[in-house]
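S.K.: Spelled out from the first residue to the last, the chains are:
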Amino acid sequence: MKLRRLFILLPLSLIACNSNTVVDDVPPQIQSGNDSSSSEKMDADGVKDRGYDPCKINPQLEICKKNP
Amino acid sequence: MNKHEERLQFYEITGTWLSAIIMIIGGVFGIFQYLEHKNDVRIERSMTFVERFQDNTVTLSARKNLSQSIDGKIDELNALLSNKDLKAEELSALFDAEIVKLVKQDVLTEHLKHIFTFYEQLVYCVEMELCDRDVADMFFETEAKSLIRTYYPYICYIRKEWHNTEVYASIVRFYIGENSEICRE
Numbered sequence: 000m001k002l003r004r005l006f007i008l009l010p011l012s013l014i015a016c017n018s019n020t021v022v023d024d025v026p027p028q029i030q031s032g033n034d035s036s037s038s039e040k041m042d043a044d045g046v047k048d049r050g051y052d053p054c055k056i057n058p059q060l061e062i063c064k065k066n067p
Numbered sequence: 000m001n002k003h004e005e006r007l008q009f010y011e012i013t014g015t016w017l018s019a020i021i022m023i024i025g026g027v028f029g030i031f032q033y034l035e036h037k038n039d040v041r042i043e044r045s046m047t048f049v050e051r052f053q054d055n056t057v058t059l060s061a062r063k064n065l066s067q068s069i070d071g072k073i074d075e076l077n078a079l080l081s082n083k084d085l086k087a088e089e090l091s092a093l094f095d096a097e098i099v100k101l102v103k104q105d106v107l108t109e110h111l112k113h114i115f116t117f118y119e120q121l122v123y124c125v126e127m128e129l130c131d132r133d134v135a136d137m138f139f140e141t142e143a144k145s146l147i148r149t150y151y152p153y154i155c156y157i158r159k160e161w162h163n164t165e166v167y168a169s170i171v172r173f174y175i176g177e178n179s180e181i182c183r184e
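First to last, the protein sequences are chains A and B.
Be aware that the first sequence starts at 0, since it is given in numbering that gives the first Met the number 0, and climbs by one per residue.
Be aware that the second sequence starts at 0, since it is given in numbering that gives the first Met the number 0, and climbs by one per residue.
Just to be clear, a hint being listed does not mean it is correct.
[Stated by the list, open to error] Calculated lysine-lysine pairs in the DSS-like style (CA-CA distance at most 30 Å, straight line): (1) A:Lys-55 with B:Lys-100; (2) B:Lys-83 with A:Lys-55; (3) B:Lys-159 with A:Lys-65; (4) B:Lys-103 with A:Lys-55; (5) B:Lys-2 with A:Lys-65; (6) A:Lys-65 with B:Lys-103; (7) A:Lys-64 with B:Lys-100.
Because the hints were derived from the structure by calculation, they are not lab data.
Owing to the predicted nature of the structure, the values given are computational and were not obtained by experimental measurement.
With the hints as constraints, model all of the structure from the sequences given.
M.R.: Here is the structure:
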C-alpha cells in the first residue's frame, strides 16, 4: 500500500511543482496588450521612422511590386 | 477470499488506475507548461530587441540620423515619386540614384549598416525560432519594410560594389520576398 501511495503522491507533487513554475514574467507591454508605448517612445525621442515609405506615395516603384 | 481481502483488492486496483491516470495527466500538463514556458522565453527574447531598438544609444543615433536625412530630402523625393510623366523603369532609376546620392551626401553608410545588421539579427532570431514572430512583426515589420523600401538602392549599390548579391539577403527575403529581384541590372 505504501508503494501505491507513492504512485499517487509522486505525480501529484509533480503537478504541484509544475504549477509553481508557471511563468508570469511576460513583459508588461504584452500583458497589457498595449504596444503603443513603442511608438510613443520613438516620438518622444524625436525618431519618427515608422512612416516614410515610398510605396505609399507611388506603388509603381519596382520594389513595391515585389511585396505590396 | 473474505470481504476484507476483496475490499483490499478493490482499493489496490483502483489505486493503480488512479495513479496511472494522474501520471498521464501530469505528463500532459508538464508538456503543456514546457511549451508555454518556451513561448514566454521567445517573447522575452523578442522584447530585448525592442529595448535595444529604443534604448541603445548607437541604434537611437543611427535612427535619428536616418530620420533627419529623409526629412531634409522629403520634398524632392515626393516630387520625384509623384511625377506622373515618368515610366516605372525611369522612376525606379531616378529614385535609386537619389537615394544613393543621399546616403553618400549625408554619410549614412554606418547608420544604415547598423540598422540593417540589427534587423538581420532579429530575422535570424525569428528564423531559428528563438524569438517570437508575432512580437517581432508587431514592433518591427512596418519600420523594417519601409526602411528597406526606401534604402534598397543602397543595398543594391553595395552589392554591386562588393560583387556580392547576398549582402543583407536575409532581411530582403524576410521583409520584401524575393532577394534576387530587388536590384535592376
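S.K.: Hint numbers the structure violates, sorted upward?
M.R.: 5
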